[in-house]
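Going down the list, the protein sequences come from chains S and X.
Counting from 1, one number per residue, gives the positions in the first sequence under this note's numbering.
Counting from 1001, one number per residue, gives the positions in the second sequence under this note's numbering.
Keep in mind the hints are simulated off the structure, nothing from the lab.
It cannot be assumed that every hint is accurate.
[Said to hold, decoys possible] Derived lysine-lysine pairs resembling DSBU-like cross-links, with alpha carbons at most 35 Å apart:
hint	chain 1	residue 1	chain 2	residue 2
1	X	Lys1042	S	Lys590
2	X	Lys1043	S	Lys590
3	S	Lys588	X	Lys1108
4	S	Lys516	X	Lys1043
5	S	Lys331	X	Lys1035
6	S	Lys530	X	Lys1005
7	S	Lys454	X	Lys1104
8	X	Lys1104	X	Lys1005
9	X	Lys1005	S	Lys630
10	X	Lys1005	S	Lys391
11	X	Lys1102	S	Lys144
12	X	Lys1070	S	Lys391
13	X	Lys1104	S	Lys331
14	S	Lys331	X	Lys1084
15	X	Lys1035	S	Lys630
16	X	Lys1070	S	Lys590
17	X	Lys1043	S	Lys588
18	S	Lys590	X	Lys1084
19	S	Lys331	X	Lys1043
20	X	Lys1070	S	Lys633
21	S	Lys590	X	Lys1102
22	S	Lys630	X	Lys1042
23	X	Lys1084	S	Lys142
24	X	Lys1043	S	Lys582
25	X	Lys1084	S	Lys450
26	X	Lys1042	S	Lys588
27	S	Lys144	S	Lys279
28	S	Lys530	X	Lys1102
29	S	Lys600	X	Lys1042
30	S	Lys391	X	Lys1108
[Stated by the list, open to error] A few chain S positions that, by computed beta-carbon distances, are all more than 10 Å from chain X:
hint	residue
31	Ile184
32	Lys504
33	Val597
34	Asn599
Quick reminder that beta carbons are idealized off the backbone N, C-alpha and C, glycines included.
Each chain, written out:
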Amino acid sequence: MRSKAISRLLFSVGVITWLALLFTDISTLLSSVNQLKPDIPVWLPGVILNLFIVSLFYYYRIKIGRDEVLNFVDLLWRVFATGLIATVISLGLRLVEYLLGDTSLTRNIVFRDLIYLINVGLMIGFLMMAFAAWKRLILYQKSKWLLRLWAFFEIGLLISLVYNSFKVPIVEWLYGTMLGIFVIVGLVLSGNMKWVAFLNFRQKWTSLLLLLLTVFYLLYILYTNSSYSEDISNASPYFTDYRYHIFILSLIVFVTVYSIFSFLVILFNLPTTSVFEQKLEEVVNFQRISQSIQTEQSEESVYNILLETSVSSVFADAAWLEINSNAHEHKLFTYKITEKESYDIINHLKAHNVKGVLDQGSEKTKNLSKHLASLKGSRFRSILAFPIYVKGQNIGTLALLKELPESFNKEMTKIVSTFSNQAGISIENFRLMEEALQNERYKEELKIAKMVQKSLLPTILEQDNDFEIAAFSESADEVGGDYYDTLRVDKHLISIIIADVSGKGTTAAFHMSQMKGIFHSLAQRDIEPKEFMVQANQALIYCLERGSFISATYFIINTQTKTIQYARAGHCPVLYYCAEKKSSQYFKDKGVALGMVRNKSYSSFIQSNVFQYKAGDIMVLYTDGITEAKDGKGDEFGYERLVEIINHSNGMSPLEIQNHLINKLYEFSGTTNINDDYTTMIVKFK
Amino acid sequence: MIHIKRLQEEGADIIALIGEIDASSSIELDLSIAKSVGEGFKKILVDCSALDYISSAGLGVFMSYIEEFKDRNIRMVLFGMSDKVANTFNILGLNELLQIGKDKVQAKQLINEV
């Protein structure tokens, strides 16, 4: 908004200064013609002219220099349009003059000066417009050096205005030198034509036309103005004669030279335009391949883009892309060729034992046009094939075909090889992303499994007047398979189980839930522990897959007879602290884990045991996560350490023992993040 | 990490396990046993003298072959276990299901018994 207001202000200043120039100039001219002493100083019109120039200079600087939207052709168009307006007005004035004929009015010096000044104003406007536009073109790709040279040129020109304003007694050599310097600098600057390369074929033609007309307008206006000033100077030397104005002269030379240079450069660049356009397209295509790994796109779209871009880059007549998803499966993406034709060529090359074209073992890309010559019935005479690698593994072949023999050159080979490499990278990235997503999904699944597993463990344990129970379970990062539970069968009977499912993850959680179901249904029926294990084994045979098993120990506490019946199926032996003897021992008896023997003979591998308990006795159930926990040196927590801890905690409640044990475990391993599931269940009798 | 070596002696395939068998390396153990079976060996000796640790997944591998070996009349004897490794087998009751010898000599006797 602000720059718009300023540009309007500058334009108004321009108009006002031009009007002022008109009056002062006519007045000085009249005085001189009539041999009168002028009312105003002779130098005033020159100063006003310079003000006019400065206002137009800044006007176009704001209007053209700050407009980001303008492209090269737009700039040329603006210059052309300004030139057209100037020329049309100038021609109009000539027409008026012609129509009036040779009358006293047309011979009047005031009228002639008016026409002259209008033309000068138009010319300066045109020149300033062109100057601002050429500045943008020259500084399109700027260097430090170029910017400095331009600044010197611009500032130098503005300083020359001051020199002109004050009519410093014309020192011939200074005048000549300044003009010479500006012309030379203008010529040097005119060498900057980089923008031309960025025009496409159509734009170049348009630019040529616009520049040609611009040059034509320039020449016409120069001719008109020089004839007018010649005419007036015959009458009186006291008028604003631009022909000695350094700024205007330098500008005329610069603008004309740059217009002609641009015209010639564009003209000579025309034949090579297609090459530049092709290069540009290659870059765009390359980018397309790189960007074709958006989440919604598939590998297939990468293949299609590769096929398309390769074909358009080398002007192939047809192409196919053979992808081997595995050793036996091939997929063909084709372009302007039928699958049958492609397979004909593939089989032909195979039959003639041509190595290095399509066989997947070849690492080099080769141009094997000659081998197609022997294939009858095919319209193609040139073939260029590239392997596509993902993680060093050949996943497919890209083949490009042309109808003319020997029509692939080295450049094309390079381009397509770059494309196929990039496609390989894109596919690799795509696969990595897929993998990451899969991983994320897996993690999410584990989270759910972990939640399920946690919820399978009881929140409340059976308590009794005869004993107290405390239990603790923690699983490693992954889902574990430790399970414990209690169930009251009747007033005097309580069942307890501890189990460890082999393996980890979701399957372990599933097996654990099966174990829970088995425990809750079998324990209800008040069967003895051995029978419990035999039936549990029978049930699990159908659920556990090959190599999976569950170790468990099952107890029935009878508070009436104060006995404990139990069976151990491959689980860690129970540690029992006898308060009377003040010592602990492991109950190491026979017992094979559930799921290991998958027939009726299991009952011979399991046994029931009975013992009496007394007040103060402690029963410690645990999983191998405790005894196999390792310290920094790789030593295991072990059975001895467990005995030691229990022997020294006889005065404590089960919960206190549990906390003590877990603390000792953390202390031993040096971390609370133990690499396995670990569970304890401590029963203390009263 | 596990390193598995195989060599043949007197018509028996000896699989030597060196290192530790955990969930991931148990796959290698499974593969080498399957390979030995695939090559038609009827006598398989597993040398555990350099086995430092075996997880439940590793034990699961041995367990999974018990039935198959019985059906196909293949005999497998393990030998040379350290006390710690033997304890892991014993707790699970695998010592009841597998034939385990003290050393190679005893293992060869066991495998040649009718």
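Cross-check of the supplied hints:
{"no.": "1", "hint": "X:Lys1042 - S:Lys590", "in the structure": "holds, 29 Å"}
{"no.": "2", "hint": "X:Lys1043 - S:Lys590", "in the structure": "holds, 27 Å"}
{"no.": "3", "hint": "S:Lys588 - X:Lys1108", "in the structure": "holds, 29 Å"}
{"no.": "4", "hint": "S:Lys516 - X:Lys1043", "in the structure": "violated, 40 Å"}
{"no.": "5", "hint": "S:Lys331 - X:Lys1035", "in the structure": "holds, 34 Å"}
{"no.": "6", "hint": "S:Lys530 - X:Lys1005", "in the structure": "violated, 41 Å"}
{"no.": "7", "hint": "S:Lys454 - X:Lys1104", "in the structure": "violated, 46 Å"}
{"no.": "8", "hint": "X:Lys1104 - X:Lys1005", "in the structure": "holds, 15 Å"}
{"no.": "9", "hint": "X:Lys1005 - S:Lys630", "in the structure": "holds, 28 Å"}
{"no.": "10", "hint": "X:Lys1005 - S:Lys391", "in the structure": "holds, 31 Å"}
{"no.": "11", "hint": "X:Lys1102 - S:Lys144", "in the structure": "violated, 87 Å"}
{"no.": "12", "hint": "X:Lys1070 - S:Lys391", "in the structure": "violated, 45 Å"}
{"no.": "13", "hint": "X:Lys1104 - S:Lys331", "in the structure": "violated, 55 Å"}
{"no.": "14", "hint": "S:Lys331 - X:Lys1084", "in the structure": "violated, 55 Å"}
{"no.": "15", "hint": "X:Lys1035 - S:Lys630", "in the structure": "holds, 34 Å"}
{"no.": "16", "hint": "X:Lys1070 - S:Lys590", "in the structure": "holds, 22 Å"}
{"no.": "17", "hint": "X:Lys1043 - S:Lys588", "in the structure": "holds, 32 Å"}
{"no.": "18", "hint": "S:Lys590 - X:Lys1084", "in the structure": "holds, 18 Å"}
{"no.": "19", "hint": "S:Lys331 - X:Lys1043", "in the structure": "violated, 47 Å"}
{"no.": "20", "hint": "X:Lys1070 - S:Lys633", "in the structure": "violated, 41 Å"}
{"no.": "21", "hint": "S:Lys590 - X:Lys1102", "in the structure": "holds, 20 Å"}
{"no.": "22", "hint": "S:Lys630 - X:Lys1042", "in the structure": "violated, 39 Å"}
{"no.": "23", "hint": "X:Lys1084 - S:Lys142", "in the structure": "violated, 78 Å"}
{"no.": "24", "hint": "X:Lys1043 - S:Lys582", "in the structure": "violated, 50 Å"}
{"no.": "25", "hint": "X:Lys1084 - S:Lys450", "in the structure": "holds, 31 Å"}
{"no.": "26", "hint": "X:Lys1042 - S:Lys588", "in the structure": "holds, 34 Å"}
{"no.": "27", "hint": "S:Lys144 - S:Lys279", "in the structure": "holds, 28 Å"}
{"no.": "28", "hint": "S:Lys530 - X:Lys1102", "in the structure": "holds, 31 Å"}
{"no.": "29", "hint": "S:Lys600 - X:Lys1042", "in the structure": "holds, 26 Å"}
{"no.": "30", "hint": "S:Lys391 - X:Lys1108", "in the structure": "violated, 48 Å"}
{"no.": "31", "hint": "Ile184", "in the structure": "holds, 79 Å"}
{"no.": "32", "hint": "Lys504", "in the structure": "violated, 7 Å"}
{"no.": "33", "hint": "Val597", "in the structure": "violated, 7 Å"}
{"no.": "34", "hint": "Asn599", "in the structure": "violated, 8 Å"}
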